[in-house]
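From first to last, the protein sequence lines stand for chains A and B.
Each residue of the first sequence is one higher than the one before, starting from 0 at the first, in numbering that gives the first Met the number 0.
Each residue of the second sequence is one higher than the one before, starting from 0 at the first, in numbering that gives the first Met the number 0.
Careful, some of the hints might be misleading.
A pair holds if it fits inside one copy or across any two, identical chains being indistinguishable in the list.
As the list claims (entries may be wrong) - With a Cα cut of at most 30 Å, we get these calculated BS3-like pairs of lysine-lysine:
1. K129 with K275
2. K112 with K268
3. K112 with K275
4. K112 with K93
5. K4 with K75
6. K75 with K129
7. K129 with K4
8. K298 with K268
9. K298 with K275
10. K234 with K204
Because the hints were derived from the structure by calculation, they are not lab data.
Protein chains: 2
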Amino acid sequence: MSNHKITGVYSAAATPLNTDGNPDIGLFTEHCHRLINEGCHGVALLGTTGEANSFSSAERHMLLEAALNAGIPADKLLPGTGVVAIPETVELTKHALSLGVTQVVMLPPFYYKGVSDEGLFTAYAQTLEKIGDNRLQVILYHIPQVSGVPLSVPLISRLVEAFPDTVVGIKESAGDFNNMQAITAACPGFSVLCGADPLLLPLLKAGGAGCITATSNLVANSLRTVYDNIHDETKSAEVEAAQARINAFRTLSNSYVQIPTIKAMVGLKTGNAAWKRTRPPLVPLNDAEYAALAEGYSKLP
Amino acid sequence: MSNHKITGVYSAAATPLNTDGNPDIGLFTEHCHRLINEGCHGVALLGTTGEANSFSSAERHMLLEAALNAGIPADKLLPGTGVVAIPETVELTKHALSLGVTQVVMLPPFYYKGVSDEGLFTAYAQTLEKIGDNRLQVILYHIPQVSGVPLSVPLISRLVEAFPDTVVGIKESAGDFNNMQAITAACPGFSVLCGADPLLLPLLKAGGAGCITATSNLVANSLRTVYDNIHDETKSAEVEAAQARINAFRTLSNSYVQIPTIKAMVGLKTGNAAWKRTRPPLVPLNDAEYAALAEGYSKLP
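Make the full structure from the sequences, and use the hints.
Here's what the structure looks like:
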């Protein structure tokens, strides 16, 4: 069996907004509970799908505290805490730890582009040393198409070697299966979690640890079916059907800009159009897009 | 004559660090005074060259306050205040205004890529409305090779039309002269300031407003010579020589990663090697690079 420190199905939870553009705390915590009830092992709040980088530090604090206050256990919360400036990544991570939340997803500093592996290693190392808490478990975050800052396999290996008890996994959101296999091969026991839902099944077969995905906002139960039954050959048809359903939702979510579309689909799932709202620079779907999305949604398996 | 609201030679000031990696306030304010004394009309602190996105909000506050406390007049300071989250861009800008600093350089939210002009317009509009201070003058910041978020000419035009007294200029750091001309043509009276020093002379001839450059950390006097004498035909040889000197410094600063190299060159200019330090993810030049840079520096005009 795997010796991964972090395995399972985690949701890159979307963040609903009020009419004034602030986080809708009630709707958010209701969503977190639904994700857990539908099968997620945990909620990776405040990531890319969660529009975290459009929220202030104070808003990030408030959302994490709200999830805990609403009864989501600390060990089921994996907030994103990586921002552009090391002192603020340190502060956000310390805040999570102060609440008993020990697992975080951490972007590299992402303003400067083309930076060296040495620079990224030093950035992560300084961050972890300044946090200085041996409870911490970090999931690195590789999403170069958004962050503009890829994490290379040599960099990942060096971080795992330097911080073996802390740097325990990676969210691979480039959707590059060869890269996931290369990381798995280079770092035995290190948890590779895919960000692209269609890769969950092949990744688990190849020794990966699970997923942190956007489509989990909609089909956590199907993701869980794949995860729980991947090694049970008698259930291969069920697993394949679940993965096909996941893929159908994912394909529809890519009809328009993904995050507004995922949010609109959560609104269609739950019957609450408040979910259509986004914070700038993201904009909600327009009426024609929403109508076409609703039509497509009604035909999903 | 031009009716630009902002014209001149501004320095994208570098930020020196202590041995502990925190800003060296004394060295920084000394540098600000030197930039003004050497001819800069103002100091555009806390920009890309200033490593602003590697500093926390608290550090940004401290640096701006230090410059004021050291006697740099508020109307000669143009801090960068644009970050990824609108509430924090609002807060940083309000902080500047509270100190009497009314001109700022503002990046768009830069985490999400491929966002629409509608989304970027809404982001800037919400930011300006939340700031709600009619003293404010904003210089937009187009540096797509770093931010990953270009500002299109139609977006700029729409912002200028919606906020004619507030959106008064742009720092064009793509180094695209055709783009600078297109903006100048689309927005009469709007100040186009180049980020690439070699373009100062041609931009001024084409109706541009000036520059905010990195090389000004080293050759502000030459930039000022170009700016002051651009329309005096009797001084064309002097202007050409000054632009050639600027270009030689710029070329050398591009020998290695630009920001660490500029900082190292300020150290060579002032005889203070403390300037070599950078904050991760940027790393200082290594010894061999520094030795070669020093050799090149000694031969500059």
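TODO: With 30 Å as the alpha-carbon cut-off, assign the pair K129 and K4 to within, between, both or neither.
DONE: Only inside one copy: K129 and K4 sit 23 Å apart there, 44 Å across copies, limit 30 Å.
Open item on the list: At most 30 Å between alpha carbons: which applies to K112 and K268, within, between, both or neither?
Closed with: between (38 Å within a copy, 27 Å between copies)
Task: Within, between, both or neither: K4, K75 at alpha-carbon 30 Å - done: within (14 Å within a copy, 54 Å between copies)
Task: Homomeric proximity label, K234 with K204: Cα distance no greater than 30 Å - done: within (14 Å within a copy, 73 Å between copies)
Open item on the list: When Cα atoms must be at most 30 Å apart, do K298 and K268 count as within-copy, between-copy, both, or neither?
Closed with: within (12 Å within a copy, 68 Å between copies)
- [ ] Have a look at K75 and K129 and pick one of within, between, both or neither, based on CA distance no larger than 30 Å.
- [x] within (25 Å within a copy, 36 Å between copies)
TODO: State whether the alpha carbon distance between K298 and K275 is at most 30 Å within one copy, between copies, both, or neither.
DONE: within (20 Å within a copy, 61 Å between copies)
Open item on the list: With identical chains, the pair K129 and K275 could be close in the same copy or across copies; at 30 Å between alpha carbons, which is it: within, between, both, or neither?
Closed with: between (39 Å within a copy, 22 Å between copies)
TODO: Could you figure out if K112 and K275 sit no more than 30 Å apart (CA to CA) within one copy, between two copies, both or neither?
DONE: between (32 Å within a copy, 20 Å between copies)
Open item on the list: Reference check for the pair K112 and K93, CA-CA at most 30 Å: within, between, both, or neither?
Closed with: Answer is both; intra-copy 26 Å and inter-copy 29 Å each pass.
Figure legend: structure checked against the earlier numbered hints; every hint is met.
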